[in-house]
Amino acid sequence: MKSFRHELWFEVPARRALINITPEVARCVEDSGIAEGLVLVNAMHITASVFINDDESGLHHDYEVWLEALAPHAPTSRYHHNRTGEDNADAHLKRQIMGREVVVALTKKRLDLGPWEQIFYGEFDGRRRKRALVKIIGE
Amino acid sequence: MKSFRHELWFEVPARRALINITPEVARCVEDSGIAEGLVLVNAMHITASVFINDDESGLHHDYEVWLEALAPHAPTSRYHHNRTGEDNADAHLKRQIMGREVVVALTKKRLDLGPWEQIFYGEFDGRRRKRALVKIIGE
Amino acid sequence: MKSFRHELWFEVPARRALINITPEVARCVEDSGIAEGLVLVNAMHITASVFINDDESGLHHDYEVWLEALAPHAPTSRYHHNRTGEDNADAHLKRQIMGREVVVALTKKRLDLGPWEQIFYGEFDGRRRKRALVKIIGE
Numbered sequence: 001m002k003s004f005r006h007e008l009w010f011e012v013p014a015r016r017a018l019i020n021i022t023p024e025v026a027r028c029v030e031d032s033g034i035a036e037g038l039v040l041v042n043a044m045h046i047t048a049s050v051f052i053n054d055d056e057s058g059l060h061h062d063y064e065v066w067l068e069a070l071a072p073h074a075p076t077s078r079y080h081h082n083r084t085g086e087d088n089a090d091a092h093l094k095r096q097i098m099g100r101e102v103v104v105a106l107t108k109k110r111l112d113l114g115p116w117e118q119i120f121y122g123e124f125d126g127r128r129r130k131r132a133l134v135k136i137i138g139e
Numbered sequence: 001m002k003s004f005r006h007e008l009w010f011e012v013p014a015r016r017a018l019i020n021i022t023p024e025v026a027r028c029v030e031d032s033g034i035a036e037g038l039v040l041v042n043a044m045h046i047t048a049s050v051f052i053n054d055d056e057s058g059l060h061h062d063y064e065v066w067l068e069a070l071a072p073h074a075p076t077s078r079y080h081h082n083r084t085g086e087d088n089a090d091a092h093l094k095r096q097i098m099g100r101e102v103v104v105a106l107t108k109k110r111l112d113l114g115p116w117e118q119i120f121y122g123e124f125d126g127r128r129r130k131r132a133l134v135k136i137i138g139e
Numbered sequence: 001m002k003s004f005r006h007e008l009w010f011e012v013p014a015r016r017a018l019i020n021i022t023p024e025v026a027r028c029v030e031d032s033g034i035a036e037g038l039v040l041v042n043a044m045h046i047t048a049s050v051f052i053n054d055d056e057s058g059l060h061h062d063y064e065v066w067l068e069a070l071a072p073h074a075p076t077s078r079y080h081h082n083r084t085g086e087d088n089a090d091a092h093l094k095r096q097i098m099g100r101e102v103v104v105a106l107t108k109k110r111l112d113l114g115p116w117e118q119i120f121y122g123e124f125d126g127r128r129r130k131r132a133l134v135k136i137i138g139e
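Residue numbers (my numbering), protein chains in the order written: chain A, 1 to 139; chain B, 1 to 139; chain C, 1 to 139.
No lab work stands behind these hints: they were computed from the structure. Keep in mind that the hints are not guaranteed to be accurate.
Chain copies aren't distinguished; within one or between two, either way the pair holds.
[Unchecked claim] Taking lysine-lysine and the BS3-like style, the derived pairs with C-alpha atoms no more than 25 Å apart in a straight line are: (1) Lys109 <-> Lys130; (2) Lys108 <-> Lys130; (3) Lys108 <-> Lys2; (4) Lys109 <-> Lys2.
In isolation and in its complexed conformation, chain A is listed as follows:
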């Protein structure tokens, strides 16, 4: 069995953004030299997400509006978590809807994705350096 580990770093200038990281994950697969296995990609921070969906700007707008309706940022005083001095409680909630991680099949040295599947890093509390982890195991 072989394994491979790589961190992807981000510093999103806004509070929220969705970033397509499929090319970076595909590069990890290449670098790993692994032909058959599983690829784990997870946010290492608890106010961010890694998820798979469509790279379509209209949909990304819809996610923003929808998540803000389900877990509004303001008023920040509505959340007990924000009494710790943070203002990011909503980001902890939004990330649970979008998910922490994806596991993708690795087949014949490639990410085994459906036709429209793209891997995203979802930032919900940006403006600082944060990372995602790519871990691959297989043979």
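Since the structure of chain A is already known, use the hints to place chains B and C on it.
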């Protein structure tokens, strides 16, 4: 290390349906000849889901009502994604709540599921051929 | 390839609770003797969750309030599932938001977690014995 790959195909006649695929996944485990490992089952489409819950029709009704309340299909014009000519933005949202994939332990040649755990394919934009992927690694 | 399996048992006295199980999962990693691989931790029950987020009591309060707003327990008669004699339909819904499982990288004999990542068992229908599964594969 051994690996196994199989696609499950669906053509749901309605827009939405929940289909129990536990027997098909169990057959993959048998066919793989793998005794100990991990089983990944994921939707290959971004308007569908693979998740684990109860095979109880009342609960499936509740999911339908609940998801439609959290991410309504209509009016379709409320979603920017639908300006691309699609009418399935709600399906992209519903799928994030229900999840893209499950990872199940494989122990002693069997799916290592709890007493009520059943694996479902959740279709939120049907009426066309779509698939889920089963990938197994182990020994 | 090596594999390891362990069950964690819970009997939560209340209907709902969030329990930090990071130390128990770390002990499994030690006991496994595996240096590089993947760690799956999943609820074996469909009204419970395993997820990763912050161990901060204010946030846990916020999750409780938020999940109860998105999927209220009462009136129990609003859910068809409860016509089976259960009163836990809301727990099946809440668990979909929080997720069934996490997959964590295992690197150099340790859980490869970000600085604030903690693994939780989320109980949404307690007051009876239930379990989570830890399955590790690697080398």
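At most 25 Å between C-alpha atoms: does Lys108 with Lys130 qualify within a copy, between copies, both, or neither?
between (31 Å within a copy, 22 Å between copies)
How do Lys108 and Lys2 come out at 25 Å by Cα distance, when the copy is not named: within, between, both, or neither?
Answer is both; intra-copy 15 Å and inter-copy 13 Å each pass.
For Lys109 vs Lys2, is the C-alpha pair at or below 25 Å within one copy, between two copies, both, or neither?
both (13 Å within a copy, 15 Å between copies)
Up to 25 Å between alpha-carbons, please classify Lys109 paired with Lys130: within, between, both or neither.
Between copies only: 24 Å across, 28 Å inside.
No hint from the list above goes unmet by this structure.
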